[in-house]
Amino acid sequence: MKCVVRAGPPSAHALGLAAAGLSLLVAAAVLPLDSPPLSLFACPFRAATSLPCLACGCTHAFAAVARLRLADALMASPLGALVALACAAHAAWTALRLCGLRYAPKGFAVTAGVRLGAAAVLAGNWLFLVLHGAP
Amino acid sequence: MLARCPSCRSTFETERTGPQECPSCGKPLVVPDAPVPSTTQSSFSSTDEAPEGQGTPWERRADLGLWRGWWETVVQGLFEPGRLFRSARLDRGAAQTGFALVTVSVPWFIGQMLDRFLVRPWTQHLIEKLGGAGPFAPLLQKIAAAGNDNSPRATLLVAMLTPILVLIGLYVNAAVTHVAALVLGQAKRGFAATFAACAYASAPLLLTAVPGCGAPVGFIWTAVLTGVGLKETHRIAPGGAAAAVLAPYALLCCAACVLMVLGGFAMRGVP
Numbered sequence: 015m016k017c018v019v020r021a022g023p024p025s026a027h028a029l030g031l032a033a034a035g036l037s038l039l040v041a042a043a044v045l046p047l048d049s050p051p052l053s054l055f056a057c058p059f060r061a062a063t064s065l066p067c068l069a070c071g072c073t074h075a076f077a078a079v080a081r082l083r084l085a086d087a088l089m090a091s092p093l094g095a096l097v098a099l100a101c102a103a104h105a106a107w108t109a110l111r112l113c114g115l116r117y118a119p120k121g122f123a124v125t126a127g128v129r130l131g132a133a134a135v136l137a138g139n140w141l142f143l144v145l146h147g148a149p
Numbered sequence: 024m025l026a027r028c029p030s031c032r033s034t035f036e037t038e039r040t041g042p043q044e045c046p047s048c049g050k051p052l053v054v055p056d057a058p059v060p061s062t063t064q065s066s067f068s069s070t071d072e073a074p075e076g077q078g079t080p081w082e083r084r085a086d087l088g089l090w091r092g093w094w095e096t097v098v099q100g101l102f103e104p105g106r107l108f109r110s111a112r113l114d115r116g117a118a119q120t121g122f123a124l125v126t127v128s129v130p131w132f133i134g135q136m137l138d139r140f141l142v143r144p145w146t147q148h149l150i151e152k153l154g155g156a157g158p159f160a161p162l163l164q165k166i167a168a169a170g171n172d173n174s175p176r177a178t179l180l181v182a183m184l185t186p187i188l189v190l191i192g193l194y195v196n197a198a199v200t201h202v203a204a205l206v207l208g209q210a211k212r213g214f215a216a217t218f219a220a221c222a223y224a225s226a227p228l229l230l231t232a233v234p235g236c237g238a239p240v241g242f243i244w245t246a247v248l249t250g251v252g253l254k255e256t257h258r259i260a261p262g263g264a265a266a267a268v269l270a271p272y273a274l275l276c277c278a279a280c281v282l283m284v285l286g287g288f289a290m291r292g293v294p
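Protein chains in written order, with this note's numbering: chain A, 15 to 149; chain B, 24 to 294.
FYI, nobody ran anything at the bench for these hints, they're computed from the structure.
Take these hints with a grain of salt, some might be off.
Label pairs and their in silico Cβ distance ranges [stated by the list, open to error]:
| # | chain 1 | residue 1 | chain 2 | residue 2 | range |
| --- | --- | --- | --- | --- | --- |
| 1 | B | Leu-87 | A | Leu-141 | 36 to 44 Å |
| 2 | A | Ala-134 | B | Thr-37 | 48 to 56 Å |
| 3 | A | Gly-121 | B | Leu-188 | 23 to 31 Å |
| 4 | B | Pro-144 | A | Ala-123 | 40 to 48 Å |
| 5 | B | Pro-239 | A | Thr-63 | 47 to 55 Å |
| 6 | A | Leu-115 | B | Gly-121 | 25 to 33 Å |
Calculated pairs, DSSO-like style, for lysine-lysine (alpha carbon to alpha carbon, straight line, at most 27 Å) [stated by the list, open to error]:
| # | chain 1 | residue 1 | chain 2 | residue 2 |
| --- | --- | --- | --- | --- |
| 7 | A | Lys-120 | B | Lys-211 |
| 8 | B | Lys-211 | A | Lys-16 |
| 9 | A | Lys-120 | A | Lys-16 |
Glycine included, C-beta positions come from ideal geometry on N, C-alpha and C.
Construct the entire structure; sequences and hints are all you get.
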């Protein structure tokens, strides 16, 4: 099964998503985690309930991916690490397409199974954060 | 995709292009690969085009003029959102990004400056009072400390960062909303449709120019408009659109509700 298809230059949305993802990774790489503005992203849900929210650990995961510490990123938040890696991969692929690559990842049908899987991934990530303790 | 039979004029859903039979009258017809704009010589009529078919006023700014195009889009977004979203073209992503950048960045920067130089002493006092005790004390103290810098350097930094933050926020919001719509089975017309809804739904963020209550009112109005936009651009039911918009808030930002409740309790303790 082919994973890529022939495509033209990246669309405006591909460029925008790549720019946004790259900006988040650069910010996570450059800004220190323990001083503003990143330190202001403390989770109020966890402060109030002692339980992590679904997005807890994502800042640490992005910072760890930006510093190429994948194990730390996965421990901070598996979902956040995957999103950060997806941002990096999309930005790199879009840059290659700007340089002349004429292939894009093939889309896939979002079936009921895929939707259930996505919900299970979200739930699994949250359980991991609860049991492991988000940073 | 939706196709229309040239014989019986009935509209039906089909997964493929090319020769096929009308499910209503059984007569043969051809569904072409690309939507054909003219209906006079074609057996295919796409309803993917907006009823107006001309795009929003902002997308027609070359004809209307920049200011008029922007202003009419904002007015439609605030008071006739259904009409605005129905007329949005999904192949105008760059224009929609530009609209959101202009509509949010400038008022947000103005609001930050007004807040920084006019009402900051009052909000600073409130934050320091709230930060005295309670579960959010460390966070509020950090916010209070971070808001003290009124130097020209800080102002320039805010001016430079605001459009970048708006661009990031716009795409992150569209991506999260689209993922929620996908998981809920409501994303019928791709990311471009979700993005158009999110971009034009940013019109109420003009209110961020108003210090204090402007931002909360603007964000709530924007969330409502995003739901209206999803309903029109994806052609889905109102319930599905509302679920797709509210799911990220419910899953990721339920903290906001807890924060408001606890904030209310904390306020009662402020002398």
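Checked hints:
no.	hint	in the structure
1	B:Leu-87 <-> A:Leu-141: 36 to 44 Å	53 Å, violated
2	A:Ala-134 <-> B:Thr-37: 48 to 56 Å	32 Å, violated
3	A:Gly-121 <-> B:Leu-188: 23 to 31 Å	30 Å, holds
4	B:Pro-144 <-> A:Ala-123: 40 to 48 Å	57 Å, violated
5	B:Pro-239 <-> A:Thr-63: 47 to 55 Å	23 Å, violated
6	A:Leu-115 <-> B:Gly-121: 25 to 33 Å	27 Å, holds
7	A:Lys-120 <-> B:Lys-211	18 Å, holds
8	B:Lys-211 <-> A:Lys-16	24 Å, holds
9	A:Lys-120 <-> A:Lys-16	8 Å, holds
In this structure, the hints that do not hold are numbers 1, 2, 4, 5, in rising order.
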